[in-house]
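Novice: The primary structure of each chain is shown beneath.
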Amino acid sequence: MTSFPDRAQVVVIGAGIVGNSVVHHLARLGWRDVLLLDKGPLPDPGGSTGHASNFVFPVDHSREITLLTGDSMRQYTELGTLTTCGGIEVARTPERVQELHRRVSSARAWGVDAELVTPAEVAADVPFLDPSVVLAGFRTPSVAVVDPLRAGELMRQRAVEAGALTVAALTEVLAIETGDGRVRRVRTDRGDVETEYVVVACGVWSPRIAALAGATIPLTPAVHQMIDVGPIAELAATGREIAFPIIRDMDPLMYERQSGADLEIGSYAHRPILVDPDDIPSLAAAALSPTQLPFTADDFDPQMEAALDLFADILDRPDAGIRHAINGLLSLTPDGHPLLGETPEVHGLWSAAAVWIKEGPGVGRLIAEWMTDGAPEIDPHAADIARFAPHERTRAHVRARASEGFNKTYGIVHPREQWASDRGARRSPFHEREQALGAEFFEVAGWERPQWYAANEPLVAELGVEDRPHEWDARWWSPISTAEHLAMRRGVAMIDLSAFAQFDVRGPGALAYLQHLTVAQMDRPVGRVIYTPVLGPDGGLRSDLTVVRLGESHFRVVTGGADGARDLQWFRRHLPDDGSVALADVTSAVCTLGLWGPRARDVLATVTEDDVSDAAFGFATARELTIGSTPVLAMRLSYVGELGWELHAPTESGLRLWDTLAEAGAPHGLVPAGIGVYGTTARLEKGYRLMGHELDAEHGPVEAGLALPGLKPQDFVGKAAYSKAREGEPEATLCTLRLDGARDAAGLRRYPQGGEPLLTADGRRIVDTRGRPSYVTSAGAAPSLGTYLLMAYLPPRLAVAGTGLLVEYLGERYPVTVARAGRTPLFDPDDARMRG
Amino acid sequence: MVLAVVERDGRGSLSAASGEVLGTARELAERLGVAVAAVAVGEAGDLPDDLAKQGVGRLHLLAHELLDGGGPARLGEALAGLVATLAPAAVLGADEPGVTDAMAWAATMVGAPLATACTEVRPGDDAWEVTRERSGGILLEDAVLAGPVRFCTLRPGGPAPSETAAAAEVTVDVVVPELDTTLPHATLVERRERSAGMSLATAPVVVAGGRGVGSAGGYAVLEELAGLVGGVVGCSRVATNNGWRPHSDQVGLTGTRISPDLYVACGISGATQHWVGCMNARSILAVNTDPEAPMVTRATWAVIGDVHTVLPAVVAEIRERSRRR
Amino acid sequence: MCVKRVPAVGAEILLTADGLAVDTRHLGFTIGPHEECAVEEAVRIAERTGGSAGVLTVGAPETEEQLRYAMSMGADHAVRVDAAAADGDPEATAAAITGALRDLPPYDLVLFGAASADAGHAQVGLRVACALRRPVVGGVKGIDPGPGHVSLRREVGGGVEVHEAPLPAVVTVLEGLNLPRYPTIKGRLRAKKAPIRVLPAAPPAGGLRTRRLRHRPEARAETIVLGRGAEAAPAVVDVLADLGVVR
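Protein chains in written order, with our numbering: chain W, 1 to 836; chain S, 1 to 325; chain E, 1 to 247.
Hints are computed from structural coordinates only; laboratory data are not their basis. Being a predicted model, the structure only gives us computed values, none of them experimental. All C-beta atoms, glycine included, are put in the ideal place defined by N, C-alpha and C. Mixed in with the good hints there might be a few duds.
[Unchecked claim] EDC-like mimics (lysine to aspartate or glutamate), calculated; alpha carbons at most 16 Å apart, straight line:
hint: 1; chain 1: W; residue 1: 712; chain 2: W; residue 2: 727
hint: 2; chain 1: E; residue 1: 193; chain 2: E; residue 2: 12
hint: 3; chain 1: E; residue 1: 186; chain 2: W; residue 2: 301
hint: 4; chain 1: E; residue 1: 193; chain 2: W; residue 2: 301
hint: 5; chain 1: E; residue 1: 186; chain 2: W; residue 2: 95
hint: 6; chain 1: W; residue 1: 724; chain 2: W; residue 2: 538
hint: 7; chain 1: E; residue 1: 193; chain 2: W; residue 2: 228
hint: 8; chain 1: E; residue 1: 141; chain 2: S; residue 2: 190
hint: 9; chain 1: E; residue 1: 186; chain 2: W; residue 2: 228
hint: 10; chain 1: E; residue 1: 192; chain 2: W; residue 2: 298
hint: 11; chain 1: E; residue 1: 192; chain 2: E; residue 2: 18
hint: 12; chain 1: E; residue 1: 186; chain 2: W; residue 2: 523
hint: 13; chain 1: E; residue 1: 186; chain 2: W; residue 2: 316
hint: 14; chain 1: E; residue 1: 193; chain 2: W; residue 2: 727
hint: 15; chain 1: E; residue 1: 141; chain 2: E; residue 2: 164
hint: 16; chain 1: W; residue 1: 408; chain 2: W; residue 2: 95
hint: 17; chain 1: E; residue 1: 192; chain 2: W; residue 2: 299
hint: 18; chain 1: E; residue 1: 193; chain 2: W; residue 2: 305
hint: 19; chain 1: E; residue 1: 192; chain 2: W; residue 2: 538
hint: 20; chain 1: W; residue 1: 712; chain 2: W; residue 2: 467
[To be verified] The following residues of chain S were derived to be distant from chain E, with all beta-carbon distances above 10 Å:
hint: 21; residue: 53
hint: 22; residue: 66
hint: 23; residue: 109
hint: 24; residue: 146
hint: 25; residue: 191
So here's chain W without its partners, still in its complex pose (with noise of 0.2 Å):
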């Protein structure tokens, strides 16, 4: 036994793929005194890590996912634990087809090597399976097996040696100690260890431990069901551990692997098993390990019956017996992302959970370089732990969640798909206005968002809009959302805008503070409404706000709502300690109403006795306002490019606020918008960019074409990034383009979606100098201007008005123009609407 430590620099917590690979690379940028401990014993603790199937599909259609796996596969590969066997989804449904042409186009994006075959060529590869079920399969070459075991015990080995790292095996951690919201402590049943750093990598017991340190990481372990059959004689004949590609057979949601002289068959169409994390057996009390629970095997027999579909050549063979089936457990999470990152309950407490095999050496590296640097190379956003509304983090929503998104896991999930359980968690107050106008909600952080209004229906013909003759194009989509920004610039709209998260920054020190974690200048007069990029230390975009200066020392703070946790742990993260500065979360306090178009002064006006003239509230600034009796925050500010204002109001005083409105509004022609006319049309006309699409830590402001004329004087945090990329030239700009016209083989008019790859005119991927791929970033209709837009970035030799390019949407090419190289708006380039 290793003699324990009193003291170290960081403890982490589970030596699954994660732990190791997180201890591995902390080591390697300089740690020291890291401590690792595990319940169980090694090399396989009893984890999610020692039963999984070990195979590494690269492409995801999430380019977040696809770079961490992509790194993984080269850490693998590194550590000779990678064998390379090929593999193939394949399609039995003409909508499984298109999915996989939509997984060709995610390839083709990425820069990962991958086709479209023919299910001859699927029996060519794979000569027991029957091709007849078969109408395609998605072929990707570089798929592979690795064993995370023995990667784990090469990267604990090379930590070791570089004199970094203890290994504690069979210790169990009994407590994690916090003061003053700090890590401090770490006991166990060897002794207590003095840390400030705490990375719990405990895969399904992940929400145990962490709950030790009164923080929430939002998982539930899931049971996936898996079966070994055999021997078959083919398999066994190749002598080797895998000599065929992996099959995923995604219609029935299953998979099917070589493992020796055996089949192994894996699923995620059974229905979902949930397991508490208080219920899972200690090693010593489990039949096979604590994550290899008892096999139900009621819930596999549909799949059984797929399996011997596809097939029964060596399945139905009288010798080839289910000699291993288990109900092995998984992580899953309320959006299916993993969990990365500072918890936002406890500093220096981390979470590295929810993380598949395939991901594991990479969220090692992504999760050691954001504690060394503050920021990692690959951006997390979409996994940031402090992703989460607090309703979020509930074991119910987890639960809820978790149930639904489990059978999506091999699913054909529509980029707009919403999720159907647990809604209704945040209402604004204008909901039950929304619904009698027959709102379609989507769902952001949990507030329910008018997406669109049934009501508006009878515009789209008034209005002569066109409805979208595909039905993926048209999935969760409505003409009448074209029919409503129409009606917006024609008349005036009003827009819910509840779901914005809203800080009140207060106290002597909040000039200081602010300016410390922006890009544009603080220091403006009261009333000033301010828009500004954040950046991280990396000078990577991070979030965009708009700040309104209240009073000197007053601040309000505006962000979306879907970035609204995020940015709330990193201001509470930066607020200083000597209590100059009160941070005060007001998001459920203030209710929006956006008012925009043409007429909105004239709606306004006959509900204030204020003055609304341009001379007296002027373009970007806020005044108190009086409607009715109620008091307004008012903002003379606009994302959908019109004139108008964000009315800021009392929650309580919401309903009468719209109502209000409503009435004095009715006679201008005012019309209820959804978030499809803000969050898409409107915006994309006015080259606005949208945090988590366009905005993201890859790119800094200079490229985004968000770098401010001036450079201000402060420091504030990525300022030495953000000014070196002022001086140099971009090596890729924010365009947008035009899609005209595109119509498909059948001859159809089709509309990308987001996240397609744009090729030059002769068809090759277009990559800029730092290796980011150029795709669609944001897609949408621009009913004003009569044609489709596409943003992205492109590198500077291609970022020229005029270029023609190609758009990969769903196997079939089509082309596109760059209409603008920079934020300069297509609509209204002047903003004379706005300002007007």
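We have chain W; now place chains S and E onto it with these hints.
Specialist: Positioned in the frame of chain W, the structure of chains S and E alone reads:
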């Protein structure tokens, strides 16, 4: 009366297991204030003398041609007849297949319960209590035993038979049981000795291999070591299932349960199924790559390392020392 | 053949708070290894002789999982005797089976495992044979059916006995009788749909009743690590010499 079912060993003397049964029977009889009687089948052999030493004064000797090779049914039937005649408070026997089967048959005929694998029998006024082994001895069960006669079979390792005043004289009652000749029954048609050599069950040293041995061929070094230390080779269930060793070599719950002086566990993790087969060994030497394997943590001594590194070195060391001498 | 649903346990067996049963919250269920061999043998004999193999258990509806498992190994039909016979009551179990066998169509051979994997009462087969007045051989490791009789091999001490029994007969078997097959996918799918005959039973309680289960006290001593790898050889041989097994 407490009736003890006893057997002769190969030399015609009271078997060791029967001796243990008598120890418990005597203790029980003392508490009840009754006598102990023994019952056996066939020739008396040395039994009267051995029983006298144990303080047992009466031996019922069942004699019937159908009892030889008649299996548990015949013996059970004869026993049931004797129980009907003698009305003992309890019938005790060793927890061995032949005896247990016969007692099960007898208990059924008498309409009484049978508690097998007992480690303790505690008489009470009406219902008795027993402690018995379950799950191969991992668990103990305290149970109530209620019935006109209490049939119990006893696990070895009970209280050592204490010296007692020898019975002055052993009365041998030869009993010719009434057996139902119309009952269809099995007959022994052949009995043969198995090939000579030390058996797994009786060897003083067992060198056993599990998953860590890796292949059938990997057992060669175990064979070699076993030869040098005067032992035999055993294996875990993994080895049997992989076809590396015959089932007769398997140590474990469903193989042979052994109690050698030394058990050398090579590449065996020590799952319950296996552990119950070897936990009665006087000492255990574990060779395993995993210092946290259950077999290692429960062993007397352990070597951390691969079987195929450690055993050849041990064999070489033994040979070297014997050469030097 | 007759099988019993038993928990598939790990290295440590947890007990319920009342100590009356094994805590099976995290455990799956199985049939014991002896019984797996009984099922395998029955299926083989049925295949060989053109007969059929039936499987029977006593218990609540959840025990049908084990019947279906036996059917997925090749048993042709299944019977569940619907009696709440307690785990600790072999007399009631035997009575339930005896009653069922009287009601069921004629059989040639009834196979039992020599003992269940959990309670290990090791007597139900014998009791059933006695009650049905059938010939019985226990602890069998070889079965060879012939016309009207069956030849049975068992191992005793250092020898082997061969018994012959007229049919119908009862046999209790030990693991090692054969190498049980794994269920096949086809077998499983067939077993899932196969009907299970349910026979009611209300056997009288027997005289053995579990009061509580407990763990065997385990004397623990620290393991002495003699060394790592080949370097440990001298220390190992010292130990062997101390034990007197090498000189």
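Novice: With reference to the structure, classify each hint as holding or not holding.
Specialist: Against the structure, the hints come out as follows:
For the given pair, residue 712 (chain W) sits about 15 Å from residue 727 (chain W) by alpha-carbon distance, which is consistent with the 16 Å threshold. At roughly 35 Å between alpha-carbon atoms, residue 193 (chain E) and residue 12 (chain E) are farther apart than 16 Å, so this suggested pair is violated. The hinted pair formed by residue 186 (chain E) and residue 301 (chain W) meets the criterion: a straight-line CA distance of about 10 Å does not exceed 16 Å. Taken as a hint, the residue 193 (chain E) and residue 301 (chain W) pair is honoured in the structure, with Cα atoms around 11 Å apart against an allowance of 16 Å.
Proposed proximity of residue 186 (chain E) and residue 95 (chain W) is contradicted: the alpha carbons are some 29 Å apart, above 16 Å. In summary, the hint linking residue 724 (chain W) to residue 538 (chain W) is supported, as the alpha carbons are separated by about 11 Å, within the 16 Å threshold. A C-alpha spacing of about 22 Å is found between residue 193 (chain E) and residue 228 (chain W), which places the hinted pair above 16 Å, so the restraint is violated. Between residue 141 (chain E) and residue 190 (chain S), the direct Cα distance comes to roughly 15 Å. Compliance with the 16 Å bound is thereby established for this hinted pair.
Between the alpha carbons of residue 186 (chain E) and residue 228 (chain W) the distance comes to roughly 14 Å, so the proposed pair stays at or under 16 Å and holds. With a C-alpha separation of about 8 Å, the suggested pairing of residue 192 (chain E) with residue 298 (chain W) holds against the 16 Å cut-off. Between the alpha carbons of residue 192 (chain E) and residue 18 (chain E) the distance comes to roughly 35 Å, so the proposed pair goes past 16 Å and is violated. The suggested pairing of residue 186 (chain E) with residue 523 (chain W) is violated, with an alpha-carbon distance near 75 Å, which exceeds 16 Å.
Restraint check: the Cα-Cα separation between residue 186 (chain E) and residue 316 (chain W) comes to about 6 Å, which is no more than 16 Å; the hinted pair holds. A C-alpha spacing of about 74 Å is found between residue 193 (chain E) and residue 727 (chain W), which places the hinted pair above 16 Å, so the restraint is violated. Using a Cα cut-off of 16 Å, the hinted pair residue 141 (chain E) and residue 164 (chain E) holds, with the two alpha carbons roughly 14 Å apart. Distance restraint check for residue 408 (chain W) and residue 95 (chain W): the Cα-Cα separation of roughly 15 Å lies within the 16 Å cut-off, and the hinted pair is therefore satisfied.
With a C-alpha separation of about 11 Å, the suggested pair residue 192 (chain E) and residue 299 (chain W) falls inside the 16 Å cut-off, and the hint holds. Straight-line distance between C-alpha atoms of residue 193 (chain E) and residue 305 (chain W) comes to about 13 Å, which keeps the hinted pair within the 16 Å bound. Under the criterion of a C-alpha separation no larger than 16 Å, the hint pairing residue 192 (chain E) with residue 538 (chain W) is inconsistent with the structure, at around 59 Å. Restraint check: the Cα-Cα separation between residue 712 (chain W) and residue 467 (chain W) comes to about 48 Å, which exceeds 16 Å; the hinted pair is violated.
Remark: the non-interface label on residue 53 (chain S) is consistent with the geometry, its nearest Cβ contact in chain E lying 24 Å away (cut-off 10 Å). Distance to chain E confirms residue 66 (chain S) as a non-interface residue, since its nearest Cβ pair spans about 12 Å, more than 10 Å. The Cβ of residue 109 (chain S) does not lie farther than 10 Å from every Cβ of chain E; its closest approach is about 6 Å, which violates its non-interface assignment. A Cβ of chain E approaches the Cβ of residue 146 (chain S) within 10 Å, the least distance being about 4 Å, so the stated non-interface status is violated.
The Cβ of residue 191 (chain S) sits about 5 Å from the closest Cβ of chain E, inside the 10 Å cut-off, so the non-interface label is violated.
Checked against the numbered hints given earlier, this structure breaks hints 2, 5, 7, 11, 12, 14, 19, 20, 23, 24 and 25; the rest are met.
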